[in-house]
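K.L.:
Below, each chain spelled out in residue letters.
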Amino acid sequence: MRNCIIILLIVGLVSVWGCQPASKDKQEPQRELKVAVAAPFTGNAAAFGEMIKRGAELREKEINEAGGINGMKLTLIFEDDAGKDAEASLVAERIANNLQILAVVGHFNSSCSLAGKPIYKRAGIVELSPGSTNVTVCQGSDWTFRNLYRDDFQGQFIARYIDEILTDLQSVAVFFDNDDYGRGLRNAFVEESQKIGLNLVADEAYERDSTNFKAQLTSIKAKNPDAIFISGLYGQAGLIVKQGREAGIAAQFFGADGVDSPDFLTIAGPAAEGTYLTTPFTFGAAGEDAQQMASNFEALHGVAPDTWAALTYDAVGMIAEALEKTYNSEASVADNRKAIRDHLASLDTPEEGYMGVTGLTYFDINGDTVNKPAYVKIVKNGQFVAADQQLLDLN
Amino acid sequence: MAQFLEQIINGLVLGGIYALIAVGYTMVYGIIQLINFAHGEIFMFGAYIALMLITVFGIPFWIALPLSMVLCAILGMLIDLIAYRPLRNAPRLSALITAIGVSLALQNLARMIWSARDRQFPPEILPTVFQGQNAFLLPGGATLPYRDVFVILLALVLMIALNRLIHLTKIGKAMRACAQNPVAANLMGIKTNQVIAITFAIGSALGAIAGIMVGVSESVTPTMGYYKGVAAFAAAVLGGIGNVTGAMLGGIIIGVAEVFGAGYISSGYRLAIAYIIMIAVIIIRPSGLFGRSTGHRA
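These protein sequence lines are chains R and Z, in that order. Sequential numbering of the first sequence, starting at 1, is according to this note's numbering. Sequential numbering of the second sequence, starting at 1, is according to this note's numbering.
Don't read these hints as lab results, they were simulated from the structure. In this text, all values refer to a predicted model and were calculated from it rather than measured experimentally. Glycine is no exception: its CB is placed at the ideal position from the N, C-alpha and C atoms. Take these hints with a grain of salt, some might be off.
[Stated by the list, open to error] Coverage of chain R stretches by chain Z, computed from C-beta distances (three or more under 8 Å per stretch; other residues unrestricted):
| hint | segment |
| --- | --- |
| 1 | 52-66 |
| 2 | 156-166 |
[Claimed, not checked] Derived coverage of chain Z by chain R (criterion: at least 3 residues anywhere in the stretch with Cβ under 8 Å from a Cβ of chain R; other residues may be distant):
| hint | segment |
| --- | --- |
| 3 | 128-142 |
| 4 | 210-221 |
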């Protein structure tokens, strides 16, 4: 019987331990260039992580099949931050201390990118996020970049879209995730709403761990808003939309890029119908190379790519380009890491910018991308489609 | 007024769920003085097992529900048999640490089997009563979903049934005897281990049905047992751990307080308010609302 306990405990230990992929690196003479991809592969942003991983894998495969980077193989190392800032700090330490890793594509959640930022800065390694939109992510570090817009832009955009395009909607409620992303986006939205005179009737928060939103939804319902802007991630947003409709709320739901995941549709079910959301990229409005990437993606993974797969695909491509132009096998790791940073920092004008499937990416002084537009999608017949009316002249 | 009424209903639904889980904690504690941390995971397994029975094996909901309860009852007994029974006479701390270990192991097991992604009961297979859009319209504009009525009534009926079982049946009498003094009960010819196993089975079955109720209205995740379990444990403590009536009342109080905290004050204080009430009660009555004074057994 005692053996049983021991076995049970061992199972427990192994399963806890097994959650963290051990990154074992042997000193090999083989010439390969290692780049880390840090994202939430488990936890409640795992649907994003899955697409990020697949997008990165596609790019890795394409680069290596085309002969690698100057003849060297690109190897991606996937690190799971579970979407939690504490975990992201540990991951960042692990990556920074691994002297074979030359750059990081990640993190996804704003709170994770923020947690990793000081560590990457201290170690001198690039952090290129394909998903964090919080305003402060790139501030205060020369080593942090991103290839999508910021929440101040996105928040303003949503307020303007509701005000200018969806003119039937007179009053708006905000329901936000109480973390860096949700709060930052909510602040930008509220600020712009006040400026343009959108009538804000309710402002409620929720915690990331919640699955029951009935209490706040009942309060929001009593204020009778025409629209509800959910500033958070797909998992909670899906439940909010579902539980909101069940509670008899007829308002128009609006989400941001955090809701842009196929999992939103499965969680919300039929209640998802008619939900608007903004996204930094949509295949429906993209060019030939994006369609090509989408069909290659589907051939490799058997599912259609989403926004995050495309942004990660580009982010890995940018790092690969930087490596191709700057990598020097004679130089030290620190110098090679710095050369990548210097290369990214030099992409500071539209002419110098990187042309990927998600459009042109170039950076301002902080490392932010400020030229990319926001697109509006709507859920129709259980699918995301581009909304009839876009608002692209906001830049 | 409509809002107030809806919030009361929200609170009662949540409270009913907490009560169903809390009795599982409290019954086990009452008999073997063990805080069974794995109970939250049984709640989670209840939801997953029902979901699997329905989606993978195509079993109708109304059969999957009792089947999941039975399977979870067996799981509860198995945990007792494997993890707790060998430690019956060991220091209490050993059993407590084991309970935490079992809880972690089960949570990670669920993550390995079903992945960390949120899962939903597909709406089309749910019986009409659980389809959220079906609701009574109350005067004043309040909506009262059938599902909420069902959950509240279910909790009420099960609580009354449990109460009757404990006070009117032979096994109930045996459970009370074991709670008072297991050694004396054993001397009187009560098979204590059997009684304990039945206690685990009943608590686990109630936990499983609570898990299914949460699963159909929220989502099914490997961590759902942790979050709901902590609140339900607080409910058990509030009511006086070891006391079944206290756990029921504690569940309702915590549920209503949580909803009112989130609905009227701020969602950041959601659980804080519930816990403040719990702490206040514990300060005034250290053994909880219905708890026996401590030190009844050395």
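K.L.:
Could you run down the list of hints and mark each one as holding or not?
P.N.:
Hint by hint, here is what the structure shows:
no. : hint    : result
1   : 52-66   : violated (count 0)
2   : 156-166 : violated (count 0)
3   : 128-142 : holds (count 3)
4   : 210-221 : holds (count 5)
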